[in-house]
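> Taking the hints into account, I'd like the entire structure generated from these sequences.
Protein chains: 6
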Amino acid sequence: MFHHSANLQYAVRVDTPDPQFAKLLQQAIGGVEGEIRVAMQYFFQAMGARGDDKYRDLLMATATEELSHIEFLGHAVALNLEGAPVTVQEDAAKDPLVNAILGGMNPRHLLSSGLAAMPVNANGVPFDMSHVYATGNIAADMMANAMAEGSGRVLAARLYNATDDKGMKDMLSFLIARDTMHQQQWMAVIEELGGLEAMMPIPNSVPESHEATEHSYYFLNTLLDQDAPEGRWTSGPSMDGKAEFSVKQKPEPEGQKPSLGRAKPNSGAQKEQM
Amino acid sequence: MFHHSANLQYAVRVDTPDPQFAKLLQQAIGGVEGEIRVAMQYFFQAMGARGDDKYRDLLMATATEELSHIEFLGHAVALNLEGAPVTVQEDAAKDPLVNAILGGMNPRHLLSSGLAAMPVNANGVPFDMSHVYATGNIAADMMANAMAEGSGRVLAARLYNATDDKGMKDMLSFLIARDTMHQQQWMAVIEELGGLEAMMPIPNSVPESHEATEHSYYFLNTLLDQDAPEGRWTSGPSMDGKAEFSVKQKPEPEGQKPSLGRAKPNSGAQKEQM
Amino acid sequence: MFHHSANLQYAVRVDTPDPQFAKLLQQAIGGVEGEIRVAMQYFFQAMGARGDDKYRDLLMATATEELSHIEFLGHAVALNLEGAPVTVQEDAAKDPLVNAILGGMNPRHLLSSGLAAMPVNANGVPFDMSHVYATGNIAADMMANAMAEGSGRVLAARLYNATDDKGMKDMLSFLIARDTMHQQQWMAVIEELGGLEAMMPIPNSVPESHEATEHSYYFLNTLLDQDAPEGRWTSGPSMDGKAEFSVKQKPEPEGQKPSLGRAKPNSGAQKEQM
Amino acid sequence: MFHHSANLQYAVRVDTPDPQFAKLLQQAIGGVEGEIRVAMQYFFQAMGARGDDKYRDLLMATATEELSHIEFLGHAVALNLEGAPVTVQEDAAKDPLVNAILGGMNPRHLLSSGLAAMPVNANGVPFDMSHVYATGNIAADMMANAMAEGSGRVLAARLYNATDDKGMKDMLSFLIARDTMHQQQWMAVIEELGGLEAMMPIPNSVPESHEATEHSYYFLNTLLDQDAPEGRWTSGPSMDGKAEFSVKQKPEPEGQKPSLGRAKPNSGAQKEQM
Amino acid sequence: MFHHSANLQYAVRVDTPDPQFAKLLQQAIGGVEGEIRVAMQYFFQAMGARGDDKYRDLLMATATEELSHIEFLGHAVALNLEGAPVTVQEDAAKDPLVNAILGGMNPRHLLSSGLAAMPVNANGVPFDMSHVYATGNIAADMMANAMAEGSGRVLAARLYNATDDKGMKDMLSFLIARDTMHQQQWMAVIEELGGLEAMMPIPNSVPESHEATEHSYYFLNTLLDQDAPEGRWTSGPSMDGKAEFSVKQKPEPEGQKPSLGRAKPNSGAQKEQM
Amino acid sequence: MFHHSANLQYAVRVDTPDPQFAKLLQQAIGGVEGEIRVAMQYFFQAMGARGDDKYRDLLMATATEELSHIEFLGHAVALNLEGAPVTVQEDAAKDPLVNAILGGMNPRHLLSSGLAAMPVNANGVPFDMSHVYATGNIAADMMANAMAEGSGRVLAARLYNATDDKGMKDMLSFLIARDTMHQQQWMAVIEELGGLEAMMPIPNSVPESHEATEHSYYFLNTLLDQDAPEGRWTSGPSMDGKAEFSVKQKPEPEGQKPSLGRAKPNSGAQKEQM
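Protein chains in written order, with full-length UniProt numbering: chain F, 1 to 274; chain H, 1 to 274; chain U, 1 to 274; chain S, 1 to 274; chain Z, 1 to 274; chain C, 1 to 274.
Among the hints, erroneous ones may be present.
Same chains, same label: a pair holds when it works inside one copy or across any pair of copies.
As the list claims (entries may be wrong) - Think about it this way: if two alpha-carbon atoms lie no more than 20 angstroms apart in a straight line, the pair counts; the simulated SDA-like pairs of lysine to any residue are:
id, residue 1, residue 2
1, K250, Q226
2, K257, D170
3, K250, L224
4, K169, E82
5, K242, S209
6, K250, L223
7, K250, D225
8, K54, K271
9, K169, T16
10, K166, D52
11, K166, A11
12, K242, S205
13, K242, E191
14, K248, L224
15, K264, P17
16, K250, E230
17, K257, D227
18, K166, E254
19, K257, A11
20, K54, V247
21, K242, E272
22, K271, E192
It is worth saying that the hints were derived from the structure and are not from the lab.
This one's a predicted model, so the numbers in the text were calculated from it and none came from an experiment.
Right, dumping it as structure tokens:
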């Protein structure tokens, strides 16, 4: 069960409201790299967690923290919108500079939300829950989480560069820090479970008879006029420790030329196809 | 530039067409765990790759292979739909057993595609390109790719269990194998670049002054009535080797109680809010 | 800031797992009438609340409760999926009755989530955050909330009828009850602020000069071969107490016939349009 | 059956074409607060109306009016786009001021529609029909309609403030007026059916035995460090007149700690979860 | 301006209600081949029509007819749902046959709409207005319209085969007929404007200097191991009468190998990319 | 099976990077008129092609070419983004002119992709695969393809006008040329199969008894106050050569007034509806 306390997890200060930066910040709320996504992803993973219950607790604890991140980011968006003129009659709106800024803000911050945060990204596209990755496989889920935190920290770092407001920089340095912790804690689960080598290939529970292992360890070079790019993936032991990497240069197709023959009568095709 | 040769990458055989399994297979084409996603994800990552060009080649080579996976899966869907009755007058349609099967097929395989594959998932929801994760950060992208292949292999393993058609099992064992290779090759890139410890936290190029590092290594226990779940993430060296993990039990909010005050005149609020 | 405690807000018991009912329950999680929607709607309204801060608290308190509803519903979905066969080899899967049930379950519960809840509706369509209605106008928002709870209670009542599992009926009777409270509490806010008459028309802050009030109180009968349906809306005092309702039968258009003239050169039109 | 007459419902005049305002106006066409939504919502409610047929007629009559609103708004968008330069060679395009305006217009008005209205919102996001709320419950639907008109009028009022074009202000004052009527007419249906008290809780047809009424009238205070915000919802008679409101401070969870145990073999989980 | 008259454009009769067929019929309402799409497509094309005003009238007249098609299809869906049991207690619901049918119906017809039509397709996916194709180019739009009617008639023909209800077959034979007329009327516009040869390539107003015409008339054979499929497109006069078709076998890329070099500092990339 | 060679199909040169033009170019990648759409549409049509296999080859060959178009357009987007400042500290960002440009760029090019192409349109809306039209009817599909290429060429022509960069104009003149070929090649298939008259109405395989042919050749004039717009569609032989066009002026509805009666008990409606 969830509870709420009155203060924000972290202090939010905006020295100079900037409606255009409010638009950018939306990416951290409603973007695929944002906080709604991780909050919901960890929440749904927790609800579907099977195995040791402590992972369920871990997921739920961090889902709860991410909800608090949405909360202070939402406040930051609203504070950045404080200065925006709401009518063309206002003096500010007559200033061409302000006009230029307004040209760059999200018009729905004015028209739809009344100067407040929305669950949308920096293009105004609403967040869509298909981005909640939760497979029931703990290793796949941990990778998805580390990935989400990695891209989230990339975003936070770019937002940090996109403002020179001291308050905003302070808040973003906190977000960058928490994303540091979170991406590590998910990889820590993988280490605790035995490490990447033992976890891979995900899922590590596939019976050997279900896999055509003769195809499991070669890099397929589909490049016609180049040799395969050489690297860790072309030779040496595979990451799961079970085989050696190799390369299949200029691969030949192994299947048939597909053909479906004529269309059935009454299938809605043209007569000429039947 | 892309080219095409006539035969499928791998042979597709369907011993007993099964329209319901055709619906399930769609998840491997148009689902978030499916082949359109990885093909497009690697393609867009390749187009945005900066740094050593060999990673661009690696991404493009595998993007190209994934296009070939879409191709043979699409053929498998069509072959599974071969037997489906297209009119209620057909004998097959009068058979209650067949009817039950039809009740479980995707009706748009009949109504919209004329017994062929569609770029949708097992619920008939079209694939949406927001799932193409490409950040311009090679470590974030490699994690996204390993994650995609991990969840793809989980899916392929489940599809393998959901059919007893020998031809389909054979094709899926090939997919399982290629997903094994692909998830490893992306992690191999990370190893080649110095390994996870050196890569993390992603991005590893954030200047230290941009991060409130006092918040970077503690697990925040937002659980009111439990201690933090203990594990690799609560003590010991952090995964990036820079600090020690710790726990913040029963965290106090560090921010203010947010308040936005009264609404501006002409902002579309009620009089009572102004 | 958010916190979490270990137990569910309400006990969840499933006497007979039913994967088909799990699919139906998803509507209460990820449907437009569901709990993700209200949780997020109240949360975003709270973050944008201007005026008396107690309404912000009210919204946040209930947003927090709705998160707990997602949690127990998610558990209910997982429990209903416990019995589902995961391979066609299992005995259960060979039973034609079970097969019929499986034909009616959401295949992604098997393929994607590993027998757990997802943030999707009963058709498997992911929830999309455009359904978070938050305008910054407290009366519009309260109406949106009462509406959401009304349609949520309609859904809960229908789900109650769709199962005869005692545990599920018990849980749903709790949901029905909370939806009773919630729809009333939002209307109570309107009453506290002065009542519907004083609140309407929303927003009640539009200067009179901005409204063509000669068009504000007639019902426009666009029906060619019928008189206007008579009722409370065709005569008597208007709901805002400012005028009398009337009817405009067989309305004549008041505008011009629209015409855009020829297309501009270089605008991408055909020559014949220029 | 529908019919059309040549003139617009209301005259549209644009004194000074403004491509940026064309972008804003799109919210009134293809936004969730816009006219496509209400037209389609009333249309689908009408088609599903059960009970007294006059409500079907009422809904269809107003659906028809809303189609006419789309029509004149669409014309207004096109007229606002008349001045936009279509090539960078045009003089206008060289003017930095014009350039600034262009930076703020929707580029798809130029690229995709050829200077005409589109069924998208002010961010260019296409309208999606999931926003057509139609439950088959007349009270829920009337609330949804009053809500839609309330948020529509908030939008129209904000658009009025965002332009100083006399023609546009005149058209918007008409829209504001019609939204006044429409929100009232839907509440008038509720009054005619017996009033809010009799209608609530929606649906008012739930048998008492289906509701855990001991949970129907308390406000749940999930706020850890504050008392419940006091108001009309914490004491006094409930809005449905059936009970007294109360408060549950510091609520204890009533359910179990959820646990799903180990994962099934062959379910796609990791070995460590089984 | 729009108007409405009470009777349906065409009589709707359902002899044997069939909830599963109601699901299929939804494709004709909310599918991409359905009536909402054409109604809205012609409406938006009409609003953006430039050139001879009679094409605007033609489009608006048919948009209006398509609205009437939605109306009678919506009624057909509701009539097919009449028999569906709404509680598991009803006798019908205990019949395994009925159960099988229910397994195949759209559960949201029960849960969300209360046994009425919805603006969704046969998978329950809501219609999304991005499918309204309206370019401002009359030839492109007429092609889009003929295409929409062609795929609409394919759908109607398949639906005709999917039912043996006499009433439904009668209604669908009317839809098939109107789709016949509509696809022809849009091609008739092209003929009237001079015919396909004169209209093509669309847009026919591109200045010759804007086109690299040396690339305008060859078929590019990207097939590695096959000659180009021969046909009308490989030799003989082009369809626009301006040149001869030819084939480019085994095409060589004409561009450079793309490379973006190193990543910029502060761009969020890894150090190793800079 | 697919293959890749290193060089781009066509050379890409950007003389003056322009982040705002990068945003516009996205429409040609991820817009409904763009290259992802045609690549995927031809690919899925190929996979579902029934009848003469050469059409499958034709479709696959061109699908493959379109993938190469995505590739060079993606490179063009990245090159246009080269100059964009990534931090507000950079000199460029302090220049008000640059600022104005930045206000018009897609912020996610900075925040999400790290200065690279994305699978989104000019509004930042991700491409969604529902736009892949593939019906299994070759004539419907060829019309869809010609339409897609027609609207694609309209777009390319508009993009040509929207830049004065010589390199970009050169690349776009190539795209315009290929769109010329492609729209013609699809119409050539129709001609080869017998021409439009023989192909229409699509599908040409509907048994006559399935069509109410008395409704197949009249134009329905739903305009109340105007005669039908006269043209090729109101008289003369129909396009399929089977009948004469006529007009139905002032059409009377032929159906009943729809009414659904009272709501069923337990259906979630209000008591007053039952």
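> Tell me the hint numbers this structure goes against, listed in increasing order.
As far as the earlier hints go, only 10 is violated by this structure.
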